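Make the full structure from the sequences, and use the hints.
Chain residues, written in single-letter form:
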Amino acid sequence: MALALAAGGLLAYALLWASPYGLRVLTVAGVYALASFGFQIIFGLGGALSLAQGAFFGLGAYVTGILGSRYGFDASVTFPLSLLAPLLVALPVGLAVLRLDSHYFALATLGVAQVLHLLVVNLPDLTGGANGVPGVPPFALFGWSAPRGLPTTALVWGMVAVGGLIGWRVARGRLGRSLALVRDDPMAAACLGLDVGRLRLTAFVLSALYAGAAGALAVHTQRVVSPEVLEFPVMVTILTIAVVGGRGRMVGALLGALLLIHLPEWFRGLERSYLIVYGAALLLVILLAPMGLTGLWARLFPPPGRPLPDPVEPPARPARNGERLRAEGVTKDFGGVRALDGVSLRLEAGVIVGLIGPNGSGKTTLINALSGLERVDSGRLWIDGRTMTNARPDRIARAGLARSFQAAILPDDATALEAVAAARLPLDRRVEWAEAHARWALERLGVGALADRLCHGLPAALRRRVELARALARRPSVLLLDEPAAGLTDAEKAELAALLRALAADGMALLVVEHDMEFLLPLADRVLCLDRGRRLYDGAPDGVRRDAGVIAAYLGGVGA
Amino acid sequence: MVTAVQLLVNGLALGAAYALVALGFVLVLNATSAVNFAQGDLVMAGGLLAVALAPLLPSAVPVPGLLLLPLVLVLMAGLGLLLALVAYLPLRRRPPVSVFISTIAIGIILQNGAAVLFGPEPRVGPPLLGDGVVRVGGVAVPEQSLAIMVVAALLIGAQHLVFSRTQLGRRLRATAQDPEMARACGVPVTRMILLTFAIGAACAGAAGLLLANRYFMTPTAGGDLILKAYIAVTVGGWGSVPGAVLGALLIALFEVGVSWLLSQPVAQGALYGVLLVILVLRPQGLFGEAVRRRA
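If you read the sequences in order, they're chains A and X. Each residue of the first sequence is one higher than the last, beginning at 1 in the numbering used here. Each residue of the second sequence is one higher than the last, beginning at 561 in the numbering used here.
Derived from the structure by calculation, the hints contain no laboratory data. Owing to the predicted nature of the structure, the values given are computational and were not obtained by experimental measurement.
Just the calculated beta-carbon pair ranges, DEER-fashion:
no., chain 1, residue 1, chain 2, residue 2, range
1, X, 820, A, 158, 47 to 55 angstroms
2, X, 842, A, 390, 17 to 25 angstroms
3, A, 81, X, 630, 53 to 61 angstroms
4, A, 169, X, 568, 52 to 60 angstroms
5, X, 842, A, 187, 20 to 28 angstroms
6, A, 142, X, 680, 40 to 48 angstroms
7, X, 619, A, 262, 47 to 55 angstroms
8, X, 724, A, 554, 37 to 45 angstroms
Beta carbons are placed, not taken as given, at the ideal position from N, Cα and C, and that holds for glycine.
And the structure:
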């Protein structure tokens with residue numbers, strides 16, 4: 001509603017009051033809005049700080065500039081190529097660095113920007129060098145061309161509308177939700193089966209396409225292209241627009257672009273120093289209102305809660321009996337310390353295996369190795385008969401393994417329903433289905449009433465429940481739990497034990513790490529004890545209390 | 561042969577200056593696990609500070625740069641403190657990307673502030689000693705190159721001594737290794753972090769002063785310099801202090817060598833290509849990564 005009013009106001013301004021110069025500024029704002037939409041996808045949603053958005057913008061600009069002015073091609077050729085060129089640069093760079101920590105991504109993208117600028121200045125035959133390419137024709141398609149003034153403004157803002165709508169759907173949809181999960185906690189996202197690298201690459205490529213389109217339109221507006229389009233101020237402007245407007249929000253990009261592009265016009269005294277004002281604005285917003293203007297708006301006028309979906313049971317994996325996971329001779333060294341020393345393990349459908357051992361005996365390392373978070377130095381792993389040795393965590397997760405962490409990791413600013421629905425994103429094609437399935441998982445764990453509560457304020461016991469629901473929602477065939485009973489009351493422990501038995505009865509294979517023997521021994525069908533990375537005991541729960549080796553390991557006596 | 565030695569000298573002089581930039585960057589990185597994106601712009605600020613201060617000296621002074629160096633170090637350390645107070649401390653509990661953006665913002669302000677004050681033209685800073693050339697066995701070595709190497713080596717050596725031999729250094733290292741633990745042991749962590757930013761900015765200022773004479777300084781030079789520091793730290797192993805210094809020397813030698821063989825733009829492009837290859841094949845750096853992500 002507010003959006004429709006604002007759009008109407010903008011339209012009225014453009015049609016009735018704007019001077020030719022005002023229209024031009026409005027057009028530039030549209031161009032920057034378009035580039036910032038793409039930046040919101042990679043940076044706002046994906047959390048990867050790309051410093052190449054300005055470079056892709058410039059690349060799109062040069063492609064249209066050179067092809068349009070030198071060779072006289074119209075937009076049917078230049079526009080697609082202006083999108084293609086940034087895409088072709090983004091792909092190899094993204095493939096190379098997007099799986100690494102995010103600071104490497106910022107570095108690599110900054111490098112792209114520097115190299116492109118260097119190329120343009122040093123290849124004068126192609127690019128006109130420091131002078132650039134003059135005489136770029138207006139946007140023309142099939143004989144129709146957009147003259148200066150209102151038609152160009154309308155064209156650009158038409159593209160802004162289309163691009164904004166696509167971006168909005170992306171942000172709301174499965175890709176946007178998955179990206180937000182990857183941004184908040186890449187490790188948790190991978191353990192839920194999301195391919196972090198591929199998601200970031202998709203976002204990076206999308207951002208490049210937006211930037212290329214914006215660059216092409218910028219050149220049609222300016223009618224000349226020079227190395228300025230590849231310089232850092234363009235990138236700074238886009239970054240400032242995204243942060244000031246509100247990270248991850250397309251409306252934020254729109255608002256930010258209108259505001260920041262008009263700012264130097266409103267304060268004519270600024271002249272060349274307008275970038276100082278941008279820097280100050282960026283600093284103030286990041287310090288005082290990190291979610292930007294739209295975030296501030298959402299806090300002042302919180303949007304009404306959406307109705308909860310009806311619970312729907314997600315399809316189960318085909319039931320199978322017998323072995324679900326097998327590990328053989330798993331060995332892992334950290335520097336000189338052998339954390340795991342030839343550990344073998346079998347998990348079967350319907351069987352609960354307890355994993356015990358003194359602190360530092362390798363329990364969590366084993367779970368990390370089984371779920372793909374640690375690469376093993378030797379040994380092999382199969383899930384449902386398929387080799388998974390040193391596979392990435394997302395692949396292992398998709399093969400049917402789910403796990404919990406010692407400290408439940410849930411995104412603070414998501415509701416319990418959203419947090420659980422995130423686990424269904426790799427499986428369900430639509431967010432609505434994911435949420436319906438998530439509702440089922442929450443109900444199954446008896447915490448359906450928490451669906452619209454924020455994860456941030458949940459007490460520890462309930463956080464664990466929600467995290468378990470998150471694991472369960474994926475209908476895994478193997479479930480690894482790291483100290484699920486820690487911090488629970490006796491009544492809660494009894495409830496948890498009953499729940500885990502029910503899951504096993506459904507055919508799930510469970511591995512439960514736990515220090516609390518009163519909880520674990522009655523629950524487990526089999527117990528495995530580790531000490532200093534070695535298997536010390538593997539057998540019935542009754543025997544573990546009488547086993548001399550286990551007693552020695554716990555008491556630190558001789559003979560261990 | 562003579563050319564090779566000449567190139568080596570040029571490469572080492574450039575590398576010595578890069579090493580100071582990378583050193584300041586990696587010290588702050590270790591103390592705060594935050595990327596200080598303004599490091600390149602701090603170098604630029606140090607260089608232009610030297611340019612601005614030089615005319616204030618009496619013209620008969622024989623070693624203008626050397627005299628200005630302590631002043632630049634002190635003023636830049638103050639700027640580093642300010643940077644930490646404004647752009648780091650308020651954000652220390654937020655995701656790392658917040659500090660990234662706040663330091664970018666500081667960089668923008670420095671860069672454009674310099675453009676307003678000095679204009680976009682390249683400026684030449686005062687030489688450390690003089691403009692003379694020393695002949696060593698047929699090789700003409702500019703005094704400035706020698707002075708850059710000596711001054712950088714002295715500063716890096718002093719930093720190393722402080723960090724490895726003094727109580728203050730132990731506190732600084734404890735803060736870098738594990739701030740929570742350091743705080744529990746009674747180390748004033750916040751003061752140590754402020755001090756690290758001051759040292760980092762002083763290193764940048766020294767680098768700026770050293771570079772401003774032979775390589776000129778423009779308000780936009782920071783972008784290129786932060787990239788160099790970043791590459792040096794990546795090549796040397798993220799978080800490794802000796803790795804950063806070694807990485808800086810390596811990339812400077814590479815840059816000087818390829819520039820001579822082909823051209824300056826090719827050298828920059830090739831450096832970036834090599835960086836991508838390293839990131840793909842050995843993301844932990846050539847000498848191994850020092851900082852492991854805390855689980």
